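Listed in order, the protein sequences are those of chains A and B. Each residue of the first sequence is one higher than the one before, counting from 1 in our numbering. Each residue of the second sequence is one higher than the one before, counting from 279 in our numbering.
Since the hints were made in silico from the structure, they are not lab data. None of the values given here were measured: they were computed from a predicted structure. The reader is advised that the hints may include incorrect statements.
As the list claims (entries may be wrong) - Interface residues of chain A toward chain B, partial, derived using beta-carbon atoms under 8 Å: (1) T7; (2) A9; (3) H10; (4) T56; (5) A58; (6) E62; (7) K63; (8) E65; (9) D245; (10) R249; (11) Y254; (12) S257; (13) Y259; (14) S262.
Said to hold, decoys possible - The list that follows gives simulated cross-link-like pairs (lysine to aspartate or glutamate, EDC-like), each with its CA atoms no further than 20 Å apart: (15) K184/A with D267/A; (16) K63/A with D267/A; (17) K341/B with E62/A; (18) K114/A with D124/A; (19) K341/B with D267/A; (20) K63/A with E340/B; (21) K462/B with E403/B; (22) K392/B with D369/B; (23) K392/B with E403/B; (24) K114/A with D91/A; (25) K341/B with D545/B; (26) K63/A with D369/B.
Using N, Cα and C, we set each Cβ at its ideal position, and we do this for glycine too.
Protein chains: 2
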Amino acid sequence: MDTLSVTRAHGGTQHVVSHRSTATGTDMTFSVFVPPQADDGAVCPVIWYLSGLTCTHANVTEKGEYRRACAELGLIFVAPDTSPRGEGVPDDPAYDFGQGAGFYVDATREPFAKHYRMESYIVDELPEVVASAFPVDLARQAITGHSMGGHGALTLALRNPGRFTSVSAFAPIVAPSQVPWGEKAFTGYLGEDRSTWRTHDAVALVEDGARVSEILIDQGSADNFLETELRPHLLAAACSEAGIDCTLRMHPGYDHSYYFISTFMADHLRWHAERLGA
Amino acid sequence: MDTLSVTRAHGGTQHVVSHRSTATGTDMTFSVFVPPQADDGAVCPVIWYLSGLTCTHANVTEKGEYRRACAELGLIFVAPDTSPRGEGVPDDPAYDFGQGAGFYVDATREPFAKHYRMESYIVDELPEVVASAFPVDLARQAITGHSMGGHGALTLALRNPGRFTSVSAFAPIVAPSQVPWGEKAFTGYLGEDRSTWRTHDAVALVEDGARVSEILIDQGSADNFLETELRPHLLAAACSEAGIDCTLRMHPGYDHSYYFISTFMADHLRWHAERLGA
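One chain only, chain A, in its complex shape (with noise of 0.2 Å):
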């Protein structure tokens, strides 16, 4: 594991880490926020953020706004990256398939199978790499994640039961097999058979039957990709007839950036905080 960076701040220490995944066969960076509270020996409850498209580690550590409350909660925060990259790793020139576009899927079709493991990469391999190196309780674990990273968090939760305590999202993708992204990245990585597409699919799942406790969702009234890509409602209402308790929130104005992001950080983290005992 290369330290690429320790920084102080908000109080704690916020690491940028690069390791050789055996997932992914690849070279991974992700960052990792200790809050001061593990000064004092504590091992911590840590919440897995899970970007967008395009996007690495760096953006949300840069813009995410989640340090001071992650200080103040005592919460670990690790940011990974969206796909392998590097030379041998294939890719798209599309800004939506490919590198920067993993959508927390292992991979099935060729070539993208060797390479595109990012399910196992941050449901098995992550936590265990984290852990060597950070004082996490994996007994407490939260996710969540923005847009394609919200459908990531979304899909891991009902995908293993019992594994997060608690499960929310920024302006996730819920049904990628209904949506143009997810139906270009699920025929890419999966193939065309649209029965495995839903055991991908948030909303596909909760309908068959996968089961988290609550899901809190923000969302911008004013993201562009709300109506074609995005469309949380069907989650909602998947939620609402399988007894999930699922809060939607419409926020007039807000689009699909770190600004809004950003400003309902806080507030995520108090909600895992909660449910994590933190």
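Starting from the structure of chain A, add chain B where the hints point.
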């Protein structure tokens, strides 16, 4: 005036604006955050944030974490660029001279005298431009800045008694006449006569009788530039001699980055708001 973007954030609105500057003879871009208090038609006090070497308006706008506090306190936050830019504007390949490094002076040496008029721009032109489009109360102005911009905030406050209700700085250059960054910039913009330098050097200005009532400075102890370029203790000493209330807070472990600035930003905004009656 061209609106480049208008984005909802923290209950207020983040604007990025471009305009033709008469002071610099170039297009200039700045950002303005307008807090929710202005929605009711109130005029709001304004804080000017002057950025450091290599920066534009964008660095603090993305990484400064000022919006939440400004929205709570009812402050308008303006972040100008650090120099004139564009074709026909003299530049230098170094990061610490020319474009991105205006040092908040009106240059007197050629080829810089025509465009590098950042003091006139910040003190005379920009307040009128901002007041023409945003609900600022120009009777209540505060100023702060980082590094080269801390030098700008301190010297512009000392050179314009009564203009700014309060002045603070993050890791400022306090004695440019005595350090490499300042010697290079002042030689280039002002010429070899060091007596003119004293009128743009915070420590020399205080020694020569300029006064503000108080100064707040935060400084990281792990800042790589602390001893070579910044030397805030020189200003603390000059203020002590002059009877100016200068609070210099040293922070172990903190560096020169926006991780440092964002940690103490809300503190500075609250300190200014108390003095502005916000």
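Quick one, is the D245/A hint okay against chain B at 8 Å, beta carbons? Because about 26 Å separates D245/A from the closest Cβ in chain B, which is outside the 8 Å limit, the hint is violated.
Does E403/B lie within 20 Å of K462/B when you go C-alpha to C-alpha? 27 Å, violated
Would you check the hint for K184/A and D267/A, treating anything up to 20 Å between C-alpha atoms as holding? Given pair K184/A, D267/A is violated - Cα atoms ~33 Å apart, limit 20 Å.
Close enough to count: is the Cβ of T7/A nearer than 8 Å to one in chain B? Constraint on T7/A satisfied, holds at 4 Å.
Is the shortest C-beta separation between E62/A and chain B less than 8 Å? With a minimum Cβ separation of about 5 Å from chain B (threshold 8 Å), the hint on E62/A holds.
Classify the hint on H10/A as holds or violated, based on whether any CB of chain B lies nearer than 8 Å to its CB. Hint on H10/A: holds, closest Cβ of chain B at ~5 Å, below 8 Å.
Classify the hint on Y254/A as holds or violated, based on whether any CB of chain B lies nearer than 8 Å to its CB. With a minimum Cβ separation of about 5 Å from chain B (threshold 8 Å), the hint on Y254/A holds.
What's the verdict on K63/A and D369/B, does the C-alpha distance respect the 20 Å limit or exceed it? Measuring from Cα to Cα gives roughly 30 Å; hence the hint is violated.
Please work out if K341/B and E62/A have their alpha carbons no farther apart than 20 Å. 6 Å, holds
Check the hint pairing K114/A with D124/A against an upper bound of 20 Å on the C-alpha distance. 16 Å, holds
Check whether the Cα positions of K392/B and E403/B lie no farther apart than 20 Å. Holds, because 16 Å separates the two Cα atoms, which is no more than 20 Å.
Close enough to count: is the Cβ of K63/A nearer than 8 Å to one in chain B? 5 Å, holds
In this structure, the earlier hints numbered 4, 5, 9, 10, 15, 21 and 26 are contradicted, and the remaining ones agree with it.
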